[in-house]
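Chain by chain, the residues:
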Amino acid sequence: MKRIAIFLLLLFSLDSVFALTAYEMVKKSENLVRGNTNQGILEMTITTPYFTRTLKMHIWNKGLKKTFVRIFSPAKEAGIGSLKMGDEMWNYLPAIEKIIKIPPSMMMSAWMGSDFSNDDVVKESSIVEDYNHRILTEERLSGYDAYKIECIPKENAPVVWGKIYFWLRKSDHLPLKQEYYDEKGKLIKVLESIEVGSMGGRVIPILSEMRTIGKENSKTTLRVREMSFDVSIADSVFTLRHLQTLRAKE
Amino acid sequence: MKTFIKIAWRNIFRNWRRSFFAILAIATGLGALIFVWAFVDGTNQQEVSTYTSFLSGHIQIHKTGFQRELSVFRALDNPSAILSEIAHQENIEEFSERIEQRVLLSFADKTSGAILMGVDPEKESKITTLWKMMEHGRFLGPADQSGIVVGKDLAERFNLSLGSEVSVLAQAADGSLGAAKFKVIGIYHSGIDTIDRVYVFVTLPAAQDLFALWGRATGIVIKAKKIESVTNLQSSLSKELGQGIEVLDWRKIIPELETSVILHEVEATIILAIVFLIVAIGILNTVLMSVVERVREFGIMMALGTANLQITMLVVMEAFLLGTVGVILGGVGGLIVTSILGKRGIDLTSYMEFLQASPRTPDIIYPILRLDRIILLAGLVLMVTIFASIYPAVKAARYQPVVAIRTGETV
Amino acid sequence: MLFLKIAWKNVLRRPTRTAITVSAIGLGLAFFVLLWSLADGLYAQLINNSIGFQLGHLQINATGFRQEYNPKIALNESDKITDWLEKDKRIKNYSKRIETPAFLYSATGSMGILLTGINPSEEAKVTVISRTISAGDYLDERDERSILIGKYLAENLGVDLGEKLIVTVSAADGTLAQEAFRVKGIFNTGVENFDKSLVFITLASAQRILTLEKKVSTIAVVLKEGAKVEEVEQDLKNEFGNVIYDIRSWKEIMPIIVQMIDLFNLILYLVLEIVFVVMAIGVSNTILMSVIERTREFGMLMAIGTSGSRIVKMVIFESIFIGIIGIIIGNAIGIILILAIGRIGIDLSLISSALRNYPGLMRMVYPVIVIQHLIIPSLLLLLVNVLVSLYPSVKAARLKPMEAIRFI
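Residue numbers (our numbering), protein chains in the order written: chain A, 1 to 250; chain B, 1 to 411; chain C, 1 to 408.
Some hints could be false.
What the hints assert, rightly or not - Calculated lysine-lysine pairs in the DSS-like style (CA-CA distance at most 30 Å, straight line):
{"id": "1", "chain 1": "C", "residue 1": "Lys89", "chain 2": "C", "residue 2": "Lys196"}
{"id": "2", "chain 1": "A", "residue 1": "Lys186", "chain 2": "C", "residue 2": "Lys215"}
{"id": "3", "chain 1": "A", "residue 1": "Lys170", "chain 2": "A", "residue 2": "Lys186"}
{"id": "4", "chain 1": "C", "residue 1": "Lys196", "chain 2": "C", "residue 2": "Lys80"}
{"id": "5", "chain 1": "C", "residue 1": "Lys92", "chain 2": "A", "residue 2": "Lys163"}
{"id": "6", "chain 1": "C", "residue 1": "Lys214", "chain 2": "B", "residue 2": "Lys181"}
{"id": "7", "chain 1": "C", "residue 1": "Lys251", "chain 2": "B", "residue 2": "Lys132"}
{"id": "8", "chain 1": "A", "residue 1": "Lys62", "chain 2": "A", "residue 2": "Lys148"}
{"id": "9", "chain 1": "B", "residue 1": "Lys110", "chain 2": "A", "residue 2": "Lys76"}
{"id": "10", "chain 1": "B", "residue 1": "Lys183", "chain 2": "C", "residue 2": "Lys196"}
{"id": "11", "chain 1": "C", "residue 1": "Lys9", "chain 2": "C", "residue 2": "Lys92"}
{"id": "12", "chain 1": "A", "residue 1": "Lys76", "chain 2": "B", "residue 2": "Lys183"}
{"id": "13", "chain 1": "B", "residue 1": "Lys181", "chain 2": "A", "residue 2": "Lys101"}
{"id": "14", "chain 1": "A", "residue 1": "Lys28", "chain 2": "A", "residue 2": "Lys219"}
{"id": "15", "chain 1": "B", "residue 1": "Lys225", "chain 2": "B", "residue 2": "Lys252"}
{"id": "16", "chain 1": "B", "residue 1": "Lys252", "chain 2": "C", "residue 2": "Lys215"}
{"id": "17", "chain 1": "C", "residue 1": "Lys215", "chain 2": "C", "residue 2": "Lys228"}
{"id": "18", "chain 1": "A", "residue 1": "Lys98", "chain 2": "B", "residue 2": "Lys225"}
{"id": "19", "chain 1": "A", "residue 1": "Lys66", "chain 2": "A", "residue 2": "Lys154"}
{"id": "20", "chain 1": "A", "residue 1": "Lys219", "chain 2": "B", "residue 2": "Lys63"}
{"id": "21", "chain 1": "A", "residue 1": "Lys184", "chain 2": "C", "residue 2": "Lys237"}
{"id": "22", "chain 1": "A", "residue 1": "Lys65", "chain 2": "B", "residue 2": "Lys110"}
{"id": "23", "chain 1": "A", "residue 1": "Lys154", "chain 2": "C", "residue 2": "Lys196"}
{"id": "24", "chain 1": "C", "residue 1": "Lys214", "chain 2": "A", "residue 2": "Lys101"}
{"id": "25", "chain 1": "B", "residue 1": "Lys110", "chain 2": "C", "residue 2": "Lys214"}
{"id": "26", "chain 1": "C", "residue 1": "Lys196", "chain 2": "A", "residue 2": "Lys184"}
{"id": "27", "chain 1": "B", "residue 1": "Lys110", "chain 2": "A", "residue 2": "Lys62"}
{"id": "28", "chain 1": "B", "residue 1": "Lys252", "chain 2": "C", "residue 2": "Lys395"}
{"id": "29", "chain 1": "A", "residue 1": "Lys65", "chain 2": "A", "residue 2": "Lys101"}
{"id": "30", "chain 1": "A", "residue 1": "Lys98", "chain 2": "B", "residue 2": "Lys63"}
Hints listed in this document are in silico derivations from the structure and should not be mistaken for laboratory results.
Input sequences plus hints: build the corresponding full structure.
So, in structure tokens, the structure goes:
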């Protein structure tokens, strides 16, 4: 009898020892999608009432702070590069052969006309560090068992949101959906994983969609064409010089 | 009645000096009022004319909702169709297509916002006057596909000089990023910092390339033949072009100017009110004096049997006649002087030496004649003249004849 | 001396006539004085509002700052300046500031604004913002992340008291800085331009976000009543030189107000001229008549030896006396009117409702007494009186005594 009791006790305590905190889950989720480094090809389709465009780009990520993007299609935009280092961002525009550092006035503007703002691109990792997280409920979403996590910005975090709801898959913490709310509780943007698949040895969202609520029929979808993780990427990739130099294979 | 008028006239002619002064006071007073009002009106209109000639034009036509955010997605689809549709309007002196958009300017390591205007240089030069205010270099010509003209304050901000190469970034109509390089070929200085700091100019075709707006424009700017006809023109264009198009007059485009105009009108009202009071006092003085001088005469008349009431009526009738003559003279005189000055203009430059000239203060004012105002003023002045005579007339008629005769000598 | 007495007596001889003329002059003058004082009140308001909202009488910056408001161009030795200001008796108050263009973001909007870092207590003595708080509270020195915004801005960005705004700036070291601030107070100056483009944080917050350490970008100065802006400006320039420091009076920063005032003054001078023509006609009537009536009398005076020039002088002095009485009455009535209207003010919105946007203007206008504007019209009036009496008096003096006596 005693043994069973102790065993049960251990089982329960093990459970709580091994259960992840909301913060850890979110962190894992980010890691899943990013790895230590990642490199690949993305297709971004922007749909508005006025136009539909698809941009194809190469992307390199190292850690949470360094991102490099080179667009190669369509022809008009080919060669445009975007470099993010920490909180700063630069764009290179071959049409004028110039590097433009994104000024404060542009931070909230759309990145290349999409539903993602420059700020969104720069703040990719902020969902982990700038917020306090807690698990709200467990729900079923898109056919998966998921945790619904409430993310409230830390006191001095420079983020506009009042709160973010983050759904991630229970099994592997794959991000399923993020809802962005202002401080009054109004829903402003939604990022949703439409398709999940295998890429570079991981299961990640391969088609995501960002919608701005209230902007009639506007959305941006992001499809992962190729992705490899944890490959070593030289630091020289994330330099202004690289931004300005178009290499043959890009 | 007829006798009264006869007697009244005779009295007037009898003491021509007194009558002369009364008429002079009335006429000059009215003339002054007409002139002041016309002058202030002229100042106002000049200010509007001058200010709208810098950049905004009198009327602008866009797709509905464009003016609020200048969104490239609200460009006009077929501006040439609109141009042919409105070409018949008589009140239009000139019109021209434009592209107006917010852009990012980049030079050296400075990147900041500006508003880009893509214009047709030839047509534009007939509508706006910025091209005359070049401080360095020159304005655009039709061949300047990669030239850009910037304002003095903006040039200072970015440290630009003639020949500097600036990059322009913008949201194009097809969703892509528009980017192009331009060389500074001219720097203008209007003196209005909200323009000098913000607006840059390229040719229309260059803008169409940049924004992927080939064959299109964001607006049509119109110069009316006469500024007074702008309101009518605006409503008739609005009706003609229908729902999806917004036709805005300068009041909606530069609300600060409208506020300024309203302020001037308020000032004018106050000035006129006070000048009117002063004129009224002048007339009152003259009329009063003439009645007071004649107390003795009235005394004699009453002693001879004229009734009090008749004295009063006589005085009022005289005032009426004098007033009418004075008003006619003053009205005609004011009309002539104002219309001559209205054509020739009043040159303020000699006054300007001790005032500082500004781009908003016009140096020549053309007083504006408005018949309805002249009639209004004439009527008011006549009323004042008549009222001015009533009180003393009544008083004079109350004197006992003997007292009047005696008092009249020492008044 | 004697003929002064005679001139005076002559004036009193026809009391009614004199009374009428004098009241005409007096009232006319009174109304003109009122007009000018209303105009002066209007100007004063425009000026004070501009000064009170943002500018102070003088602004001191480092050279080159005003062109682009670059935070890098900060005042290096602001203590030297503030020490000088402390000691100068003409300075009423001063306030240190940091000004830089920045972008504000909310969840639903963004706006470019001028970010102003202030020392709350100093600023309250220089500008009126602290008194125009319509919701929430003014800033306190210790606030590290509080921001004051205008009502119009709050509406545009969709934020209420207590909600978050992200301030994005280019810091002095060139990097992009972003920080979250919470709306502590909303101000409403009634002037849309201010309400939508100025926001306030504490000086310390601004120095922190811009990595400016202890530097400031602007010192705004308010002078005591009666101090002359130009003089103080010159003294500052003499003391600190024009090379490193850019010292400007509000007139140079907002010339548009000076232009408005000048244009209005122009119109007033025009009106003044007209007023005097009208007055002159009225006065000349009286004087002419009084001279003509006394032709016989003058004839007799000249027959007994009074020189023609004496006659002229006498008539002139009569008109001077009339003028002086008129002026005294006029100024008295004028001042009474000014004081009376000064209590209630004139509500401009009664005449027009669309005056919201004018920089620096609020609805009520109160007349203001400016001594020169009392003296000038009075003197001119006197001059007109004299001129108008010249013609008839000279004419009278030229008559041969015998003809004059026989004149009826």
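Hint by hint, here is what the structure shows:
The suggested pairing of lysine 89 (chain C) with lysine 196 (chain C) is violated, with an alpha-carbon distance near 36 Å, which exceeds 30 Å. Note on lysine 186 (chain A) and lysine 215 (chain C): the hinted pairing is violated, with a Cα-Cα distance of about 40 Å set against a maximum of 30 Å. For the proposed pair lysine 170 (chain A) and lysine 186 (chain A), the alpha carbon gap of about 27 Å is at most 30 Å, so the pair holds. Between lysine 196 (chain C) and lysine 80 (chain C) the alpha-carbon distance is near 34 Å, which puts this suggested pair outside the 30 Å criterion.
With a CA separation close to 48 Å, the supplied pair lysine 92 (chain C) and lysine 163 (chain A) exceeds the 30 Å bound. Restraint check for lysine 214 (chain C) and lysine 181 (chain B): not satisfied, since their Cα atoms lie roughly 40 Å apart, outside the 30 Å limit. For the hint linking lysine 251 (chain C) to lysine 132 (chain B), the alpha-carbon distance of about 27 Å falls within 30 Å, and the restraint holds. A C-alpha spacing of about 28 Å is found between lysine 62 (chain A) and lysine 148 (chain A), which places the hinted pair at or below 30 Å, so the restraint holds.
At roughly 25 Å between alpha-carbon atoms, lysine 110 (chain B) and lysine 76 (chain A) fall within 30 Å of each other, so this suggested pair holds. Distance check on the hinted pair: lysine 183 (chain B) and lysine 196 (chain C) sit about 34 Å apart at the alpha-carbon level, beyond 30 Å; violated. With a C-alpha separation of about 54 Å, the suggested pair lysine 9 (chain C) and lysine 92 (chain C) falls outside the 30 Å cut-off, and the hint is violated. As the CA atoms of lysine 76 (chain A) and lysine 183 (chain B) are separated by approximately 22 Å, the hinted pair is consistent with the 30 Å bound.
Note on lysine 181 (chain B) and lysine 101 (chain A): the hinted pairing holds, with a Cα-Cα distance of about 17 Å set against a maximum of 30 Å. With a C-alpha separation of about 27 Å, the suggested pairing of lysine 28 (chain A) with lysine 219 (chain A) holds against the 30 Å cut-off. Taking the CA atoms of lysine 225 (chain B) and lysine 252 (chain B), the gap is near 19 Å; set against the 30 Å cutoff, the hint holds. About 42 Å separates the Cα atoms of lysine 252 (chain B) and lysine 215 (chain C), which puts this hinted pair outside 30 Å; it is violated.
Taking the CA atoms of lysine 215 (chain C) and lysine 228 (chain C), the gap is near 29 Å; set against the 30 Å cutoff, the hint holds. A threshold of 30 Å between alpha carbons decides the hint, and for lysine 98 (chain A) with lysine 225 (chain B) the separation of about 46 Å lies outside it, so the pair is violated. Between lysine 66 (chain A) and lysine 154 (chain A), the direct Cα distance comes to roughly 23 Å. Compliance with the 30 Å bound is thereby established for this hinted pair. Proposed proximity of lysine 219 (chain A) and lysine 63 (chain B) is supported: the alpha carbons are some 24 Å apart, at most 30 Å.
Under the criterion of a C-alpha separation no larger than 30 Å, the hint pairing lysine 184 (chain A) with lysine 237 (chain C) is inconsistent with the structure, at around 52 Å. Taking the CA atoms of lysine 65 (chain A) and lysine 110 (chain B), the gap is about 24 Å. The hint holds against a cut of 30 Å. Our distance criterion of 30 Å between C-alpha atoms is met by lysine 154 (chain A) and lysine 196 (chain C), whose separation comes to about 28 Å. Under the criterion of a C-alpha separation no larger than 30 Å, the hint pairing lysine 214 (chain C) with lysine 101 (chain A) is consistent with the structure, at around 27 Å.
Of the pairs offered as hints, the one joining lysine 110 (chain B) and lysine 214 (chain C) holds, with about 25 Å between alpha carbons and a cut-off of 30 Å not exceeded. Taken as a hint, the lysine 196 (chain C) and lysine 184 (chain A) pair is honoured in the structure, with Cα atoms around 22 Å apart against an allowance of 30 Å. Pair hint lysine 110 (chain B) plus lysine 62 (chain A) holds up; C-alpha atoms about 28 Å apart against a cutoff of 30 Å. Distance check on the hinted pair: lysine 252 (chain B) and lysine 395 (chain C) sit about 63 Å apart at the alpha-carbon level, beyond 30 Å; violated.
For a cut-off of 30 Å, the pair hint linking lysine 65 (chain A) to lysine 101 (chain A) stands: about 16 Å separates their Cα positions. A hinted pair counts as satisfied when its Cα atoms are at most 30 Å apart, and lysine 98 (chain A) with lysine 63 (chain B) does not qualify at roughly 34 Å.
Checked against the numbered hints given earlier, this structure breaks hints 1, 2, 4, 5, 6, 10, 11, 16, 18, 21, 28 and 30; the rest are met.
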